[in-house]
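As given, the protein sequences belong to chains A and B, one line each in that order.
Going by my numbering, the first residue of the first sequence is number -3, and it counts up by one from there.
Going by my numbering, the first residue of the second sequence is number 11, and it counts up by one from there.
Worth flagging that the hints you see were computed from the coordinates, not collected in a lab.
Watch out, some of these pointers could steer you wrong.
[As the list claims (entries may be wrong)] Below are the SDA-like pairs computed for lysine to any residue, each with C-alpha atoms no more than 20 angstroms apart in a straight line: (1) K17/B <-> A34/B; (2) K12/B <-> S14/A; (3) K12/B <-> D58/A; (4) K12/B <-> E53/A.
[Unchecked claim] Short derived list, chain A residues pointing at chain B, Cβ under 8 angstroms: (5) V38; (6) T39; (7) I47; (8) M51; (9) I54.
All residues carry an ideal CB built from backbone N, CA and C; glycine is no exception.
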Amino acid sequence: MQDNVATAFRKAMRLQESFALADPMSFDDVPGWDSVGHMSLVTELESRFGISLDMDEIVGLDSVGAVRTLVARKTQV
Amino acid sequence: MKIRVVKYSDEWTVALEAFNARLAAAGSSVAFPPPPDPRIIPPKFHHGLQQVRYLAVEERSETGAGADCVSQVRGAYTLKFQPFWLGGEVLDVADFMLPVSEGIVDRAYTQIAPSLLLDAIQRHPLLYGLGMGGFDEAVARFLKAAGWQLFSVPFFFYIVHPFRFLRNIVHLRRGRLRQTLLDLLAFSGCGWIAGNGWKLLHAARGTVDRTARVELVADFQAWSDEVWDAARRHYGMCSLRDAATLRRMYPREADDFQRIKVLREDKVIGWALVLNTQLRGHRHFGNMRLGSIVDCFAVPEDAAAVVEQARSLLVQQGVDLVISNQSHRAWCAALKTCGFVSGPSNFIFTSSKTLTRKMEEKQIRPDELHLNRGDGDGPINL
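The whole structure should be built from the sequences, with the hints applied where relevant.
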């Protein structure tokens, strides 16, 4: 699942394979993480994990780690 | 960060001014306008359509003694509601307009734009957008990322005065060499020969209906209801164009619009709304006198008759160029029949997932939509 989060990030932000994602990274640290990138990420997470995000959750996605944590919580059985 | 979305009201005026000031201070030319005061700026178009402005507000609780809650506007958008004819049903559809987020100048607010869109979709799932300036613009890329359908509404132009066209067409005059070549064409008369050759060729086709006639009218009356009733079933999707809606879209007091009624014998077969504007330093058309076929309606078979009457009127009035954006295949064909040439379009239509699904259920293709510069934001910059 964690690999899937990284894959979702890479697809949404069009990141190169060589770019290393780390949990503390935020908007300024990840190339392409602007409003368009954030929208792509939300769309990608929703389709990849079959989840639906509300406004507070979208606002809360302010770091790579926050994305991982949210996906883990929303996909817990 | 805690964000809530509220309807704009006067209590937010100062916070909205501060938001616009922060955007401007960071070098952005984008701003979110407060509602115009009709006592100061009389509405020109769409004044009767309900528009609601929404603000994304960040609330920060100050801690300590005398703790207070400080609210700042971090983004905004507008919904303009309009009834649409969609495959035989009339549905309320909203134009998602003027989305602005502080994220454009400060990455700390990157999440605001997606939050605004989610809020808009939750309020009204049947959303569309029109215009946007091209597929590469941030808003278009953003909506595509959200899974919205996008396609361009074709653009057509008819050159009346080749000399003034060649001297003023900003898009083609980028670069010294191009400017020189276009000036050479203009001053040598080659442009005139080419332009009139095209018109002669088009006239030789003899396909334009010349049995129709035109009347300038002050307002849309019951005759436009007759056109609407006869023609609407021929279109997959379009905003309502009955008399009452047209009067809300183009109020009588907006007297720079010319409303034309097109008749064959004594029967009204269609109408058009045209503008004749002397431009000054326009970013596309320089200082040309621009004629625009802004809006129009008829059964598809009479589209060419309506276009021809609108074009003829504008030519008689001395315009240098006539332009129109039209999405329906009948109106695109009519423009070509009347000598118009298609050009690159930056006028983009986009529909939310729910609206796209509705269109798919009704098997409506993009060229069955009737969209033009009368829709969306209305005829701005014309």
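Hints versus structure:
1. K17/B <-> A34/B: 23 angstroms, violated
2. K12/B <-> S14/A: This hinted pair is violated, its Cα atoms lying about 34 angstroms apart.
3. K12/B <-> D58/A: 12 angstroms, holds
4. K12/B <-> E53/A: 10 angstroms, holds
5. V38: With a minimum Cβ separation of about 5 angstroms from chain B (threshold 8 angstroms), the hint on V38/A holds.
6. T39: Since the shortest Cβ distance to chain B is 6 angstroms, the answer is holds.
7. I47: Nearest chain B Cβ about 14 angstroms off; hint violated.
8. M51: 5 angstroms, holds
9. I54: 5 angstroms, holds
Hints 1, 2 and 7 from the earlier list are contradicted by this structure; the remaining hints agree with it.
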